[in-house]
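Listed here are the chains, written in short residue letters.
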Amino acid sequence: MTAASLTAVRSFVATPPARPVEPIERQRAFAFKGVGKRFGDKTVLDGIDLDVPAGQFLAVIGKSGCGKSTLLRLLAGLDRPTSGSLTYGVEEQGHSRTRFMFQEPRLLPWASVVKNVEVGLTGIASGAEATQRALDILGEVGLADRADEWPSVLSGGQKQRVALARALVGHPQILALDEPLGALDALTRIEMQQLLERIWITQKFTAVLVTHDVAEAVALADRVVVISEGRIALDLEVPVERPRRRGSVELARLEGRILDRLFG
Amino acid sequence: MTAASLTAVRSFVATPPARPVEPIERQRAFAFKGVGKRFGDKTVLDGIDLDVPAGQFLAVIGKSGCGKSTLLRLLAGLDRPTSGSLTYGVEEQGHSRTRFMFQEPRLLPWASVVKNVEVGLTGIASGAEATQRALDILGEVGLADRADEWPSVLSGGQKQRVALARALVGHPQILALDEPLGALDALTRIEMQQLLERIWITQKFTAVLVTHDVAEAVALADRVVVISEGRIALDLEVPVERPRRRGSVELARLEGRILDRLFG
Amino acid sequence: QELKQFSIGYQKTGLPVIARQQQVIEKALSDKGVTVKWVEFTAGPPMVEALNVGAIDVGWTGDAPPIFGQSAGANIVYAAALPSNGEGEAIFVKPTSPIQSVADLKGKRVGVGKGTSAHNLLVAALEKAGIPFDQITPVYLSPADAAAAFASDQIDAWTVWDPFFAIAETRYQPRVLARSSEVLKVNTYFLANKDFAKAHPETVTTTISALGEAAKWADQNRDKVAAALHEVTGVPLDAQIIAANRTKFGIFPITDQIIAGQQATADRFYKLGLIPNAVRISDAVWTAPGN
Amino acid sequence: MSFGARLRSNGIGWLLPALVIAGWEIASRAGVMPANVLPAPSAVAEAFWRLTLSGELIRNIGVSTARALAGFAVGGSIGFALGLANGLSTLSRGLTDTTLQMIRNIPHLALIPLVILWFGIDEEAKLFLVALGVFFPIYVNTLLGIQSVDPQLVEMGRVYGMDRRALFFRVILPGALPAIFVGLRYALGIMWLTLIVAETISASSGLGYMAMQAREFLLIDVVVLSILIYALLGKLADSLARLLERLSLGWHPAFQNG
Amino acid sequence: MSFGARLRSNGIGWLLPALVIAGWEIASRAGVMPANVLPAPSAVAEAFWRLTLSGELIRNIGVSTARALAGFAVGGSIGFALGLANGLSTLSRGLTDTTLQMIRNIPHLALIPLVILWFGIDEEAKLFLVALGVFFPIYVNTLLGIQSVDPQLVEMGRVYGMDRRALFFRVILPGALPAIFVGLRYALGIMWLTLIVAETISASSGLGYMAMQAREFLLIDVVVLSILIYALLGKLADSLARLLERLSLGWHPAFQNG
Ligand SMILES: Nc1ncnc2c1ncn2[C@@H]1O[C@H](COP(=O)(O)OP(=O)(O)OP(=O)(O)O)[C@@H](O)[C@H]1O
Ligand SMILES: Nc1ncnc2c1ncn2[C@@H]1O[C@H](COP(=O)(O)OP(=O)(O)OP(=O)(O)O)[C@@H](O)[C@H]1O
Ligand SMILES: [Mg+2]
Ligand SMILES: [Mg+2]
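Residue numbers (this note's numbering), protein chains in the order written: chain Z, 1 to 264; chain D, 1 to 264; chain A, 1 to 291; chain U, 1 to 258; chain Y, 1 to 258.
Honestly, I wouldn't trust all of these hints.
Only some residues are given here: those of chain U computed to face chain Y with a beta carbon under 10 Å [stated by the list, open to error]:
1. A45
2. G62
3. V63
4. M102
5. N105
6. H108
With a straight-line cut-off of 25 Å between C-alpha atoms, the simulated DSS-like cross-links for lysine-lysine are [unchecked claim]:
7. Z:K115 <-> D:K115
8. D:K42 <-> Z:K42
9. A:K194 <-> A:K32
10. A:K224 <-> A:K194
A few chain A positions that, by computed beta-carbon distances, are all more than 12 Å from chain Y [unchecked claim]:
11. Q21
12. P45
13. G73
14. Q135
15. D145
16. V176
17. K185
18. D223
19. I242
20. R280
To be clear, the hints were calculated from the coordinates, so they are not data collected in a lab.
We put the CB at the ideal spot given by N, CA and C, even for glycine.
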């Protein structure tokens, strides 16, 4: 079965199906080679090596201020590394389809909620089709009834969900998410995790998720990277089949290993 | 032993000591009576009754957009209820010592990090003493070396910690915290929880903590309130002695009850 | 080159206003397909400024403005002379003022337009009364500013021409200290841009003869003159009646005697340091070709 | 705010002007304030009526408004275009901004003698002065507005693949709009100010001419009337700009809840 | 930006003015541009030298600057005080803002005839005109600045028990400062503009008088010189304001990284 036909099949499956975890021969999405980043004389990242195959779901974990957001900004081309180099996979030359969900919502204050989501469809769809797709995904993040309001009247978590909807509505090749679910309660959080996983499985993009929730990382990612003191302190595959069961012994064991590394 | 001498003793204890959980006869900190709040024709809160004794640690939980921030704003007098009434304990007449940590950091962009923390000492200390106390608490949130920078160069979690330091540095009578640890990684989060608990035990203020982390709520609070559809859906004492052990069966059982209620 | 539009500068009084109302110049030039544009000025100096750059082709001012202009090297020529302002220009004070004569002006503030014919009147009147010019305080004001300053007693005396003098007369019944006719033997002048006069001499002569016709009509129809002036300028009728009744109408070629008079004025200005360099009037006199 | 309260709070604002006008009229009638220093309000009203009946007022207002709008259209559109160009292109800014900032420091009314030399004394001169006066507030504020658009939002737009056009219309222009409106309102003020001075250069119609003539003839009631008319026209232009502002900045917190 | 690149990018900005001046001089020498339309740059430089040697230029600049500063001090401080009062107190705003907004729409140069009636033709009149011209930009922008301070921060300050004084100095004033600086820079422009017109009312010294006199004697080189001096003084005032701005707005993203 080719990757393409797999996608076609998957998109007709309602619940997330199993996905092979063996590293099949895949194209590279992007690679960091000895990447360092300094602000003034403060070294934030220092020799990061990271090779990510296309379609992988990578989670990045680290303590507050360790440089996670900086790493994503480098990946999205929003900042230049002070040393080292970044390379992208063939399709990703201009990395035009890298979508970035920032740590802050960054909603356009002068556009209604649905128009803000339509921003995610720039160059993909427009007019009535864009509106329809934006409304659909707003329904999925539970905000269908707020479509026509200004962002300023939304609660913190609602704003974050609008930003998530905007990131997911397009068909990105690489999707970078900077703590996308930080402001959400447990239930909404799990719903959003499921939404994210479902869309990732359907669209097969490369996902890079920064999170501070280790359970979330092991539940969603194929691979977890821990950053500490500017370097990659741990690079761990998560060889657990999907759909994964939250609280399973396997996941708990991995979570433990990561927590040990983080706190040790 | 009077409450005052108890405090005096406590402040010399390095680790959080045990605290009696029996409801001793205490003064009221504040009470909501049938409080409702509407925005336009959208009812957010609808008949909230809540009587909180002085010195209690109350946690408020609820789904995104359920009205948690709105509740805190009413408590701090930043909004007026559309129906019902609020009363405060005697000391709290002008509720001058209500401190509020907002869901956004709300740091003054034109003041350095340490000056921002000193804002929390307004009317309490000034000059060199204020600076010293601000530097001390900055050390406790792990940002002593960033004291002289502008807030704009901090990471998301660092900003949140500065806001936390500002809220904790004074001696509030009521401290309202709106998702104070939402942007923090697990380790920093636990450190901050311990800091918060330690200061609460030393200073004996009334704490109202909005959080979306149920484990955090049962680990820290004397009492957990769940808001759902504008009403209090669950009002639960947490009769567990301090210091509490994370992951204990008792706490896990309470967490389960709350999650049931939230997701049920 | 072909002349399309002919621009004439005028002030709110005198012969050109009548000519405009009678349309004599338009009629005289109509067979050449030239249109006439009338441009209003409040005083002579800005008109000389406009003449210099060719913004207007011809214009009518008092005696002083062309002297200032010539001293500055302005590109203007004297094309014809008109009678002086005579009765219609004076130094005057409010009736309540303690100032009784020109001699009393010593040490006082006198409002006057710099480089205007009234400026010349003030200089000459003081000279006649034996008071050096530097013993008064001249306050150089445009007619509009001077009117306000006179009304609020910011200046002790005002020197100005018609219709502003006539308006002040109707409003304040002022005490007149000196009139041009008593002090000076001067003219007013019809000026032209030098290049224009060289390129279109026939237009200048046609205009002068048309003005001559208008002058004849005006002299015989004084009753209608005031109404005409009022209609064109918007100046209150009672003031224009006063002004019209004391205006001498006429236009004539520049004679050596006129040149000598004007030269005397120029020399006086130079002596007083009002102009930076001496000028020779005869250098700037235009003579119609064939004369 | 209840309707009553709003009425009261507006009422208090009109209290002072009403008192001033009443006091003024009384002082004039009692002879405390001589008519040649400040005519009574009723005298000004009379002058208004007189000039309206004769049609003079309407004609002069028409002429001045036409001049103002023509100058505004020219200067405003050039200023807007250059502001956009220099806000969006570093090359264009590098080439022209230094020059423009140098010219900006020349008070445009100081140019009157040169303007007469270059443009003569006709409509062009007035148009040029108004256009020049209007140009800079529009240019500076358009540039400032574009430069102060939240860079986080621009970054977002780029990451979401907006092309230059989309970025401009969906992020930059809406973000710059508040500043552009500030510039617009300043420009409208400068427009009338310039016209007053420009219409004293040998005009034979227009409000400035009417005011100048009234000054010369000591018709203080007409002088005061023309000042009031200027104020009224200024107010009208400003209100129009505010209306536009309110319509296009509905999302802005400052324009919510009335 | 490297030093070289900065030099180059600044260099490009000076290219256009340099070309214009060179072209102007050549055109003048070649006689294409007659001296009575626009004198050559060298002629202007000569006039500068002549007037500097005679001391006339320095004296006139001194007089004008003194006038400008006096008017600015009076109008600016009243505008600032009223802007603060009306930004902070609803009562004060209710009482005076409507009146001030009405007066704001009167172009202050239209008041010249009345100003002469009230203040005469001496220094007071010029001072009043400059003060009035300066008043409104400062007032409007101070008010605007205070009203546009992030309400979230003000709320924070209140909750943290700041009294009015502390709230003002630590939250409101720093937040309003960028707008106040915009007002300051506008006011400086208006200051020179007003002075030019005001100094034509019967002055006997000052730059405006010098320009007026040169105009009467058709000394176009001096006219151009006085325009350039005005531009220079305007530039100087503007640069001072910018320096102050840079010093006090160090935290602002627009003023970081030069
Ligand atoms: N000013 C306002 N105007 C209109 N609606 C508002 C306003 N403020 C809040 N709301 C609405 O009230 C509801 C409750 O908001 P609130 O901020 O209290 O939620 P919350 O419980 O804090 O949510 P979160 O966990 O996402 O921060 C939301 O639906 C929000 O959109
Ligand atoms: N523009 C900047 N100038 C100076 N220092 C910066 C700048 N941007 C980020 N930093 C610093 O770099 C470090 C890493 O920041 P970054 O935002 O990547 O952290 P993070 O891992 O995302 O943290 P968090 O989880 O708190 O968001 C922080 O110490 C931050 O203060
Ligand atoms: Mg971050
Ligand atoms: Mg909230």
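Structure-based check of each hint:
no., hint, in the structure
1, A45, "violated (17 Å)"
2, G62, "violated (18 Å)"
3, V63, "violated (16 Å)"
4, M102, "holds (6 Å)"
5, N105, "holds (4 Å)"
6, H108, "holds (7 Å)"
7, Z:K115 <-> D:K115, "violated (39 Å)"
8, D:K42 <-> Z:K42, "violated (49 Å)"
9, A:K194 <-> A:K32, "holds (21 Å)"
10, A:K224 <-> A:K194, "violated (35 Å)"
11, Q21, "holds (29 Å)"
12, P45, "violated (6 Å)"
13, G73, "violated (7 Å)"
14, Q135, "holds (16 Å)"
15, D145, "violated (6 Å)"
16, V176, "holds (23 Å)"
17, K185, "holds (26 Å)"
18, D223, "holds (34 Å)"
19, I242, "holds (24 Å)"
20, R280, "holds (17 Å)"
Of the numbered hints listed earlier, those contradicted by the structure are 1, 2, 3, 7, 8, 10, 12, 13, 15.
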